[in-house]
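Chains A and B, in that order, give the protein sequences.
Residue numbering for the first sequence follows the numbering used here, starting at 1 and increasing by one per position.
Residue numbering for the second sequence follows the numbering used here, starting at 281 and increasing by one per position.
Keep in mind that the hints were calculated from the coordinates and are not lab data.
Note that the Cβ used here is the ideal one computed from N, Cα and C, for glycine as well.
Hints may be right or wrong, so weigh each one.
[Said to hold, decoys possible] Here are a few chain A residues that face chain B, going by a calculated C-beta distance under 8 Å: (1) Arg54; (2) Arg55; (3) Phe58; (4) Arg62; (5) Ala99; (6) Asp136; (7) Lys140.
[Claimed, not checked] Residues from chain B that keep clear of chain A, each with C-beta distances beyond 10 Å, as calculated: (8) Glu316; (9) Ser356; (10) Gly360; (11) Ser414; (12) Ile465; (13) Val491.
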Amino acid sequence: MRFVHKVAFLLIFIFPASKGVAFGVVFSAEIRPATPALRFAQAEIDALSESDLRRLNFYTGRAVDALAALSLQDDAADGSANVGGMGQCRMAIQRLIDAGARSGLSQDTVANYFQTTVDQVFGQDTPLALQNAAGDADAKLLFSNVAAYFATQQAVAETGDIDYAAQIESAAAEIEPLVPGAGDSTPVSRTPPPNEAPTVAGPVIPDDADEATRAVLERVRVRGSDWVITSVLGDSLSSIAAAVYGDSLRYRDIYANNQDVLTDPNILEIDVTLVLPKTE
Amino acid sequence: MKTLLTFVAALASLLSFSAGVNAQDVWITPDTPFVELDLNGEFIVIERNQDNEAVIPSSFAKTSRPCPPFCVHPMSAGEGVETVGEIELLDFLENSVVNGSGFLVDARTPSFFNAGTIPGAINLPFNLFTPSDSNPFLGPMLTQLGGNQRGDGSWDFANAPQLLLFCNGPWCDQSPRAIRNLLAIGYPADKLLYYRGGIQNWLMLGLTVVVP
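Turn these sequences into a full structure, and let the hints steer you where they fit.
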């Protein structure tokens, strides 16, 4: 059981650069005590040179900013998915990983450091983008997803060779199956009828999937050519995204794909059936 | 959650600046202790020397080089070209160089550039801008900068970036000469800026210099 205690702490920050005003803020929030992993990360951080620490803090701040910007957009609930926000968040995190690497810090260490900073800023309200399948804050998962995302892009850019046959194949697989009468002008519903026979395979549950991921994946059903899931108590868009895509940031894709039943990415009611967007 | 997050956003933007503020007592302006930037993944810090007894490096202490060629320059480097100081240069870095719409150009020859320059600067030596048959670099460089050469040999700079040029100081003719040549080629004056103080004034203020 996680022990949570209430701490009030005084943060005095100084605006640098163009902003430039000094002032203090009293901020009260519930924070979790540091886990051993986080304390270990802190020891490595403490050993950094002043200039390395400065660079790391600069990029940590930018990544936290990007995460906060996503959360603010979510709260505004101004509808359509802001994919640009996801991109900026990924980029900010990748720059933070790079900054850590230049100081000899592992990705996990940087993720842990980021986690402590996020905990201080957000308190108990873990941003959606940071939640794993169990709904817990998991910066390591987010960081490995971001690194994998850019590694894939890098690989494509480097080889320059695209397997066109495979691309066409996978593109074809995403096209909805021909429905009798689809050729006439009758509009075809985006969502196939619930009892339509499956035309795609369901998710494969990895052998090493943790309990929470497994629990979510087991509830994913195939309906026509779509994967769908019906929410139960404890679900959030990001816990589903983390389980299905291994990428909590894609909660925004799920939100965008289900505008007809969702009005706020922060709120997922019980018993809502979500159509999961296709894997990229 | 919502009210908290509104507050959190303010905090988060504060947090990014919590680092590096170790009791500096030589700030750039009363509001700005230092400037931190990300230039395509490169972390840049510009601040002033915190040593209250620091003096300008001897290589830039000379007052009386022979004129010509080392003559005192007027404030303007050309009609319509804005002359800027250090604060405007920092704003240019933040607002134009970071997003790729502008370049900070060290117009000195490479030996100077390699000895130390303003963080974020690129080196385009002034002699590359000389229109001459013996300068094969001009055309490719202007193309690289986003210029399009028309059939009649003239240039269209509609998509060209803003350039802020500097050289060694108010007695240095390298960046003014580059600006004169750019204007003659047709580079729009409103896309050119001139930091007249150059490296000498930059160093005089104890501002950060990097060795590329």
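**Prompt:** Would you say Val491 (chain B) is clear of chain A, with no C-beta pair closer than or equal to 10 Å?
**Reply:** Consistent with the label, Val491 (chain B) stays out of reach of chain A, its closest Cβ about 15 Å off (over 10 Å).
**Asked** Is the hint on Arg54 (chain A) kept, meaning its closest Cβ partner in chain B is under 8 Å away?
**Response** With a closest approach of 4 Å, the Arg54 (chain A) hint holds.
**Request:** Determine whether the non-interface label on Ser414 (chain B) survives the test: each CB of chain A must be over 10 Å from its CB.
**Result:** holds (38 Å)
**Message:** Hint Arg62 (chain A) vs chain B: min CB-CB distance below 8 Å?
**Reply:** holds (6 Å)
**Item:** 10 Å Cβ clearance of Ser356 (chain B) from chain A
**Value:** holds (27 Å)
**Asked** Taking the closest pair, is the beta carbon of Glu316 (chain B) still more than 10 Å from chain A?
**Response** violated (5 Å)
**Asked** Under the criterion of a CB-CB separation shorter than 8 Å, is Ala99 (chain A) in contact with chain B as hinted?
**Response** Constraint on Ala99 (chain A) satisfied, holds at 7 Å.
**Item:** When the least beta-carbon distance from Phe58 (chain A) to chain B is tested against 8 Å, hint result
**Value:** Holds - the Cβ of Phe58 (chain A) comes within 8 Å of chain B, reaching about 5 Å at its closest.
**Asked** Given Lys140 (chain A) was flagged as interface, is its beta-carbon under 8 Å from a beta-carbon of chain B?
**Response** violated (20 Å)
**Item:** chain B contact restraint on Asp136 (chain A) - CB to CB distance below 8 Å
**Value:** This interface hint is violated because 17 Å lies over the 8 Å limit.
**Message:** So Ile465 (chain B) supposedly isn't at the interface. Is its beta-carbon more than 10 Å from every beta-carbon in chain A?
**Reply:** With a cut-off of 10 Å, Ile465 (chain B) remains clear of chain A, as the shortest Cβ separation is near 34 Å.
**Request:** Please verify that hint: Arg55 (chain A), Cβ, nearest Cβ of chain B, below 8 Å or not.
**Result:** Holds: closest Cβ of chain B sits about 4 Å from Arg55 (chain A), inside 8 Å.
When held up to the earlier numbered hints, the structure conflicts with 6, 7 and 8 and fits the remainder.
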